[in-house]
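The listed protein sequences derive, respectively, from chains A and B.
The first sequence begins at 1 in my numbering and counts up by one.
The second sequence begins at 1 in my numbering and counts up by one.
Careful, some of the hints might be misleading.
Said to hold, decoys possible - Calculated pairs, DSBU-like style, for lysine-lysine (alpha carbon to alpha carbon, straight line, at most 35 Å):
(1) A:Lys-157 <-> B:Lys-423
(2) A:Lys-163 <-> B:Lys-423
(3) B:Lys-32 <-> B:Lys-265
(4) B:Lys-165 <-> B:Lys-490
(5) A:Lys-157 <-> B:Lys-165
(6) B:Lys-575 <-> B:Lys-4
These are computed hints drawn from the structure, not numbers from a lab.
Residues per chain, in single letters:
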Amino acid sequence: MSNRRQFLKSAAALGAAIPAGAAAQTKSDHDKQHAHNMRQAAAAQPRPYMFLSQDEVAFLDAAVSHLIPKDELGPGAKEAGVTYFIDQQLFGGYGSMARKYTQGPWPEGTPQQGYQSPLTPAAVYRAGIRDTNAYCQKTYGKTFGALARAQQDEVLKGLDGGKIELEQVRSPFFFNMLLANTIEGFFADPVYGGNRDKAGWKLVGFPGVAAVYTSFIEKHNVPYKAQPVSIADITGRLAKVDEYGHPIHVMLDDDQAGA
Amino acid sequence: MTTKLKPVDVVTVGVGLTGTILAKELADSGLKVVGLERGGWRDTHPDFDMPHAHDELRYARRHELMQDLSRETLTFRNAIGDTALPMRQMGSFLPGEGVGGAAVHWNGVTWRFLPWDFETRSRTLARYGAGQLAEDCTSQDWGVTYDELEPHFDRFEYLYGICGKAGNLKGQIQPGGNPFEGPRSRDYPNPPMKTSHVGAIYGKAARELGYHPFPAPSANMTRPYTNPYGVTLGACVYCGYCERFGCEMGAKASPQTTVLPVLMKNPNYELRTLANVIKVNLDFDRKRATGVTYVDSRGREFEQPADLVLLTSYVFNNVRLMLLSGIGKPYDPAANTGVVGRNYAYQTNGNVTAFFEDKVFNQFMGAGALSMMIDDIDGDNFDHTGLGFIGGGWIGAASSGARPIDFHPVPSGTPRWGSEWKKAVSRYYNRAFGITTHGACQSYRGNCFDLDPTYRDAYGLPLLRMTFDFRQNEYRMSDYMTKKAAEIAKAAGASRMNVNPRTGKYSIVPYQSTHNTGGAVMGADPKTSAVNKYLQSWDVPNVFVIGASAFPQNGGYNPTGTVGALTFHALEAIKTRYLKQPGPLA
């Protein structure tokens with residue numbers, strides 16, 4: 001086993017993001033160690049939730065762990081920080097329906113007419129979580145987060161198919177928003193708080209931010225296995241880049257490449 | 001409290017693909033031109049710099065380069081008699097906002113419509129008889145022919161540096177190009193794009209089935225290119241982030257990379273951003289425009305007098321400004337009279353997702369217009385006898401990037417979430433690709449625009465109301481095309497496939513294409529067209545309405561190449577005839 005592979009594996013085991021340029025030996029060891037320490041320190045701090053209450057965090061941690069579960073393929077949505085991603089999205093422009101049309105009146109409309117709720121996404125989550133917890137309390141005597149996994153699965157399927165009726169939002173409307181945001185949080189750049197350790201990108205073998213593929217595009221049926229590079233890897237100078245800022249990829253050996 | 005400004009010769013409402021070309025040419029001829037743009041300034045640097053410009057969440061999901069719907073959107077219903085409701089968030093299509101318009105975030109597929117497309121009605125009647133057209137079909141001839149537009153297609157392709165392989169040079173069919181295209185006077189200015197793995201296996205399978213595959217005409221540069229205005233574009237690096245993104249390489253043709261660098265230096269041109277035009281002002285007898293009224297970012301209202309008013313914004317706003325200003329008679333679908341709002345059409349897209357067990361595609365690599373296509377099932381390139389529809393479209397397999405939030409295909413029957421879903425995503429992310437069936441859309445009496453009676457924009461003005469649904473012609477066509485696509489997928493060796501022809505009611509929710517057309521259509525007859533063959537308003541001759549709003553119906557192609565050709569066609573008429581003797585040109 002090469003030293004590089006040992007380093008990559010041990011870094012991964014610590015839960016640290018792997019600096020994409022680490023193996024390229026372009027910066028001094030001191031700089032790299034410093035950057036590595038800073039990231040470790042940042043990762044060790046509890047992330048401050050800005051919008052979600054503790055109950056809501058418990059609900060979402062449980063829910064997203066069903067939508068994208070942790071399994072033999074790797075971390076799931078919960079481990080990838082998707083709850084935190086959703087919190088940040090709801091606290092920001094997305095949650096308040098920035099740059100979207102919010103004037104009434106708000107008849108429900110047809111499915112073809114799309115989003116017609118008077119509620120912002122932040123308010124949809126607040127109402128959806130509260131109403132689902134109320135349903136769980138009534139049906140099982142516990143809130144969603146405290147249910148057995150099989151029961152949680154049953155509830156999510158009930159929301160997905162519209163079999164569970166919620167008071168303030170249509171259940172599939174809430175569920176579809178949750179599912180869409182979970183997938184976003186799993187695959188979006190880690191700068192938004194999800195896709196922690198690039199878990200989503202590693203699952204599928206996506207190399208991250210744009211890179212130069214001018215020559216490789218014509219290598220047909222040859223897998224391209226690179227350490228994925230994020231926005232912060234580039235702005236934090238953890239990845240080696242070309243003159244336009246494209247990352248110069250560090251290629252992975254076959255057994256490190258996941259999918 | 002309107003401030004009246006110093007008169008200018010020309011004002012363009014919108015500073016996108018059409019507005020920049022017209023402004024450049026007219027300012028060069030000595031006219032004072034003002035460009036009014038409701039969005040902000042943006043340019044390759046710093047706005048599209050790495051790494052932030054290629055952030056899938058920010059641009060593809062949160063639509064940072066697109067229209068701010070909190071200020072203005074449109075309302076939508078499937079049919080006359082339904083209640084239209086506002087499009088509250090982006091979905092089916094993605095109009096741009098800001099300098100460059102949607103030509104900043106487009107993919108770059110740049111076609112010429114077929115000669116047949118410009119004479120849809122007369123050629124259909126001649127070949128098949130009236131029975132081939134639905135009774136409520138209002139598709140018509142354009143009033144202009146392919147031959148008249150050929151020099152203008154050529155000018156646009158050389159300006160935007162289109163990369164491709166000619167299939168028909170002055171009537172001679174060229175191997176490797178599209179043999180169905182209209183004759184072109186010379187080849188594309190740049191060679192076609194490289195071939196991806198997907199392109200190679202799709203092309204091979206299509207050829208085996210007797211089709212004629214060729215690389216899509218692309219506005220993603222295959223080499224550095226200096227256009228006739230002296231502006232140099234960079235070379236594409238196949239990074240896989242075109243549609244919904246700006247290009248950090250300046251390698252995707254857009255107003256920023258082709259026209260603005262010289263236009264902005266012209267002292268005859270003035271750009272005003274964050275300037276939202278709310279009305280075209282007419283004189284007392286409504287036969288002449290006196291200029292436009294706009295509101296700036298401080299809420300100040302200005303009147304900009306101008307001799308010539310060019311409506312150069314997206315389809316929706318071109319039509320809406322005509323309706324708000326009283327230019328031309330509004331369309332009444334019940335009586336089938338009037339013209340403004342008439343013949344709204346769209347694109348009838350279906351698709352096949354092909355899954356493989358023994359191949360990898362690296363689909364995160366690519367370019368917006370990197371695609372292998374066939375045109376055998378387009379226009380009237382095949383015999384429609386007995387098929388029950390007219391038209392068709394291209395069928396192609398693209399490698400235009402595979403950003404994982406939006407691209408993570410799974411075979412049909414896979415659950416939408418959970419462990420099985422995750423396994424399928426992991427398994428097929430790199431082992432699947434899509435084949436698009438990019439169908440035309442005819443125009444119909446009930447598909448139209450008018451002003452919404454209920455919902456208003458940030459200035460208190462009525463929103464545009466869209467009434468639209470697909471018809472039997474489009475469902476049959478999509479079914480036919482998508483079956484052909486499935487045959488190609490099978491021949492390519494797909495182990496499984498999802499086959500999705502266009503079915504059911506049109507929905508404004510899932511993305512389909514930003515290929516909206518019509519509403520201010522061109523033609524030879526003022527009873528059935530809002531503008532003449534030079535895109536000049538029949539009613540107010542110093543107003544020209546430029547863009548896909550002029551398409552009487554939509555062909556099976558992406559519209560941009562034809563929009564570019566119409567722009568140069570109108571420009572030539574303005575420069576050589578209108579300016580010498582202002583008045584009706586037809």
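Results for each hint:
1. Only pairs whose Cα atoms come within 35 Å are accepted, and Lys-157 of chain A paired with Lys-423 of chain B is accepted, the gap being roughly 19 Å.
2. Using a Cα cut-off of 35 Å, the hinted pair Lys-163 of chain A and Lys-423 of chain B holds, with the two alpha carbons roughly 27 Å apart.
3. As the CA atoms of Lys-32 of chain B and Lys-265 of chain B are separated by approximately 13 Å, the hinted pair is consistent with the 35 Å bound.
4. Using a Cα cut-off of 35 Å, the hinted pair Lys-165 of chain B and Lys-490 of chain B holds, with the two alpha carbons roughly 27 Å apart.
5. Our distance criterion of 35 Å between C-alpha atoms is broken by Lys-157 of chain A and Lys-165 of chain B, whose separation comes to about 51 Å.
6. For the given pair, Lys-575 of chain B sits about 27 Å from Lys-4 of chain B by alpha-carbon distance, which is consistent with the 35 Å threshold.
Comparing the model with each earlier hint shows a violation of hint 5 alone; every other hint is respected.
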